[in-house]
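On the provided structure of chain A, position chain B with the ligands as indicated by the hints.
Line order of the protein sequences matches chains A and B. If you want my numbering, it's the position in the first sequence, counting the first as 1, plus 36. If you want my numbering, it's the position in the second sequence, counting the first as 1, plus 267.
Because the hints were derived from the structure by calculation, they are not lab data. Since the structure is predicted, the reported quantities are computational estimates derived from the model, not experimental observations. Keep in mind that a hint or two might mislead.
Stated by the list, open to error - Only pairs whose alpha carbons sit at most 25 Å apart, straight line, appear in this in silico DMTMM-like list of lysine to aspartate or glutamate:
#, chain 1, residue 1, chain 2, residue 2
1, A, Lys136, B, Asp613
2, A, Lys216, A, Asp87
3, B, Lys457, A, Glu65
4, B, Lys457, A, Glu254
5, B, Lys457, A, Asp91
6, A, Lys136, B, Glu399
7, A, Lys136, B, Glu516
8, A, Lys288, A, Asp342
9, B, Lys457, A, Glu82
10, A, Lys136, B, Glu382
11, B, Lys457, A, Glu83
12, A, Lys136, B, Asp429
13, B, Lys328, B, Asp285
14, B, Lys555, B, Asp285
15, B, Lys457, A, Asp66
16, B, Lys349, B, Asp613
17, A, Lys136, B, Asp285
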Amino acid sequence: MAELSYRDAVAYGIAQEMRRDPALVMLGEDIAAAGGVFKTTVGLVEEFGPDRVRDTPISEQAILGAAMGAAMTGIPVIAEIMFSDFLAVCWDMIANEIAKSRYMTNGQVSFPLVIRTANGGGARFGAQHSQSVENWAMMIPGLKVVAPSTPEDVVGLMAASIRDPDPVIFFEHKSLMAGKAEVPDGEIVDELGTARVVREGSDVTIAALALMVPRALEAADRLAENGISAEVIDVRSLVPLDTATLLSSTAKTGRFFTVEENPRLCGWGAELVSIISEEAFWNLDGPCVRITTPHIPLPSAASLEDLALPSVDRIVETVTRSVDGGGSA
Amino acid sequence: MPTDPAYDYALRPPRLPDPEDRSLDDAPIDQETRLALYRKLQELRQWSKRAHDLFLQNLVKGTTHLSLGMEAIATGFGMALKPGDYTFATYRGHAHSLARGMDPGKALAELLGRENGVLGGKGGSMHLTDVEKGMMGSYAIIGAHLCIANGAAWSAKMRGTDQVAVAFFGDGTTNIGAFHEALNMAVIWKLPVVFVCENNLYMEYTPIDAITAVPNPAADRAGAYGLDPIIIDGNDPDAVYLAAVDALERARRGDGPSLIEAVTYRTGGHSRADPAKYRPEAEVEAWKDRDPVPVYHQRLLRIGVPEAELGDITREVAATIDAATEFAKAGAHPGEETLMTEVWADGGSAWRN
Ligand SMILES: Cc1ncc(C[n+]2csc(CCOP(=O)(O)OP(=O)(O)O)c2C)c(N)n1
Ligand SMILES: [Mg+2]
Chain A
37 MAELSYRDAV AYGIAQEMRR DPALVMLGED IAAAGGVFKT TVGLVEEFGP
87 DRVRDTPISE QAILGAAMGA AMTGIPVIAE IMFSDFLAVC WDMIANEIAK
137 SRYMTNGQVS FPLVIRTANG GGARFGAQHS QSVENWAMMI PGLKVVAPST
187 PEDVVGLMAA SIRDPDPVIF FEHKSLMAGK AEVPDGEIVD ELGTARVVRE
237 GSDVTIAALA LMVPRALEAA DRLAENGISA EVIDVRSLVP LDTATLLSST
287 AKTGRFFTVE ENPRLCGWGA ELVSIISEEA FWNLDGPCVR ITTPHIPLPS
337 AASLEDLALP SVDRIVETVT RSVDGGGSA
Chain B
268 MPTDPAYDYA LRPPRLPDPE DRSLDDAPID QETRLALYRK LQELRQWSKR
318 AHDLFLQNLV KGTTHLSLGM EAIATGFGMA LKPGDYTFAT YRGHAHSLAR
368 GMDPGKALAE LLGRENGVLG GKGGSMHLTD VEKGMMGSYA IIGAHLCIAN
418 GAAWSAKMRG TDQVAVAFFG DGTTNIGAFH EALNMAVIWK LPVVFVCENN
468 LYMEYTPIDA ITAVPNPAAD RAGAYGLDPI IIDGNDPDAV YLAAVDALER
518 ARRGDGPSLI EAVTYRTGGH SRADPAKYRP EAEVEAWKDR DPVPVYHQRL
568 LRIGVPEAEL GDITREVAAT IDAATEFAKA GAHPGEETLM TEVWADGGSA
618 WRN
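For reference, chain A alone in the conformation it holds in the complex (with noise of 0.2 Å):
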């Protein structure tokens, strides 16, 4: 066991993948010599060289491009974007290029990439370099999608995605960058589309992801207090998505919550929420509710964007009115 950030998780979970497959090359903005802007990938160019850490040009589509036709011609590939709201520039790529590709071709070419990025918010950065994107990513057929919340998940679930044939956006949480966690020896591989129930409850269910988990967490420990008893699952993997676990806790509980970053419209939750309603709707003992950034661009001031992000008074007190047959926020 050592003890290990979030930020040092990445460059750890990649340089195991990086050792055991020599094929593993990565390229992105930076993130050689510099160590990437948010330092995760400190020390890979010292161990892999230049040939397999690549520093890039400001060329996202060029980026996202070489890392396609790499990967489509045999050699896996981790590509860096630095910000999540920077995939917005290389979009193309991603929605047409390479989630489409294989299906278009009924199955001539598949994607071992993986796409890393910068997501979220909570650093006052302002509204560009803040955005929580990980529905852009899940209403794409062709993409997985993974955001891992805890140091260990970000290693396991890194190996993972490295070693899926098919391409994963994956989402490292800037907020988190800093967290230690205790992580075990020896190779860590998890596995896709597996959520985790990270506190048993009995009385609601509280869906939540990356830097949310926390605080989901933090909250309900405050409701326990309160005499409610919560059951916080960790969604990890939004493509593919671990229904069973989030269908069996809502049949203990009868309440669903999610707990989101994104802006309103069409998050990540709306879809869970629209499946416990068509398949656990009678074990619903009141609605689904969720909890999430309103529907604005981030605010850059510590204190607008604290009250824009879901904290963990606004679930306490989103569940417990709720609980109380208030209804929702």
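Below, chain B with the ligands alone, put in the same frame as chain A:
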């Protein structure tokens, strides 16, 4: 640049193909290769005409972008490329697919949306792909595939093979950012990639000079990336073949990318819906004299190939196109069993448990 200046295939100003030009008659291309070029040219021409006929019979749904008039580019490159090399084309990718050896029947069947199509009916006219033949796809969003070709070239370099990636695109494509991103990356990484601009003088319905900062959309940008400006007669299979051989050799030697501007013209409209009324009559007429099929036919006669031999080739190709048409028409319409397949590498499309 040409290896032998005596056989310089580069166009001189005003940089339009000259059908009277005989300077390539004695170019260093053996007769066997030229007959193969002629056969390929005939195949691409007759196939494209057949696709057009099938569209008029309402058998081709959706859209089609034919290369009628532009086939010499695919012909010349198709001949110069080696098995294992990678072709990346646009929605106007039929000729490039056939030039790499895609089965003409499976290609037609794909346009007809049939189960026996090369993509089982899932891709259609704009996405012809045959990975086994090195045809790495036809891409219908402008610009992307130049970047993707870089990736295939990068991969070849990492794997230590001598494969080259070639990306074909139009004049209009030189104005999208991905073109510039791709060129810059190819140069700094010295990738074995060849970028071929098929300058047919129009971006859809708009003449290229109305929307482009320079007269030669690709060649005039080459210098910005430290590349040689190369402009060739895109209607002359020999000129294209020679330029292709040079650029491919350069890439295989490890000397990096090339950017070739092949000047050409499409005989018909941009896509099936376009009657192409926006082009001056005189221009259309002038280009009829530069049609690659009769022009190349005349060259072969001049160098002593008997008319009868060319006639035989033409008829043999016609028979294969007829057979391809029958094959395509006989295909079933794909059904439910393939609708949900091949989203993921496991062959399925499951997104949940
Ligand atoms: C990004 C993008 N913008 C616009 C289009 C629509 N479109 C399809 S073909 C085309 C013209 C392309 O012209 P050019 O590059 O000269 O190729 P050509 O069709 O002449 O071969 C346009 C604008 C597209 N497919 N993708
Ligand atoms: Mg054009």
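Hint check:
For the hint linking Lys136 of chain A to Asp613 of chain B, the alpha-carbon distance of about 15 Å falls within 25 Å, and the restraint holds. Between Lys216 of chain A and Asp87 of chain A the CA atoms are separated by roughly 31 Å; this puts the pair beyond 25 Å, and the hint is violated. Between Lys457 of chain B and Glu65 of chain A, the direct Cα distance comes to roughly 18 Å. Compliance with the 25 Å bound is thereby established for this hinted pair. Under the criterion of a C-alpha separation no larger than 25 Å, the hint pairing Lys457 of chain B with Glu254 of chain A is inconsistent with the structure, at around 53 Å.
Pair hint Lys457 of chain B plus Asp91 of chain A holds up; C-alpha atoms about 14 Å apart against a cutoff of 25 Å. Between Lys136 of chain A and Glu399 of chain B the alpha-carbon distance is near 19 Å, which keeps this suggested pair within the 25 Å criterion. Taken as a hint, the Lys136 of chain A and Glu516 of chain B pair is broken in the structure, with Cα atoms around 33 Å apart against an allowance of 25 Å. Distance restraint check for Lys288 of chain A and Asp342 of chain A: the Cα-Cα separation of roughly 33 Å exceeds the 25 Å cut-off, and the hinted pair is therefore not satisfied.
Between the alpha carbons of Lys457 of chain B and Glu82 of chain A the distance comes to roughly 23 Å, so the proposed pair stays at or under 25 Å and holds. Between Lys136 of chain A and Glu382 of chain B, the direct Cα distance comes to roughly 19 Å. Compliance with the 25 Å bound is thereby established for this hinted pair. Taking the CA atoms of Lys457 of chain B and Glu83 of chain A, the gap is near 24 Å; set against the 25 Å cutoff, the hint holds. Distance restraint check for Lys136 of chain A and Asp429 of chain B: the Cα-Cα separation of roughly 29 Å exceeds the 25 Å cut-off, and the hinted pair is therefore not satisfied.
Taking the CA atoms of Lys328 of chain B and Asp285 of chain B, the gap is near 37 Å; set against the 25 Å cutoff, the hint is violated. Simply put, Lys555 of chain B and Asp285 of chain B have alpha-carbon atoms about 12 Å apart, close enough for the 25 Å limit, and the pair holds. Using a Cα cut-off of 25 Å, the hinted pair Lys457 of chain B and Asp66 of chain A holds, with the two alpha carbons roughly 20 Å apart. Note on Lys349 of chain B and Asp613 of chain B: the hinted pairing is violated, with a Cα-Cα distance of about 31 Å set against a maximum of 25 Å.
In summary, the hint linking Lys136 of chain A to Asp285 of chain B is not supported, as the alpha carbons are separated by about 42 Å, beyond the 25 Å threshold.
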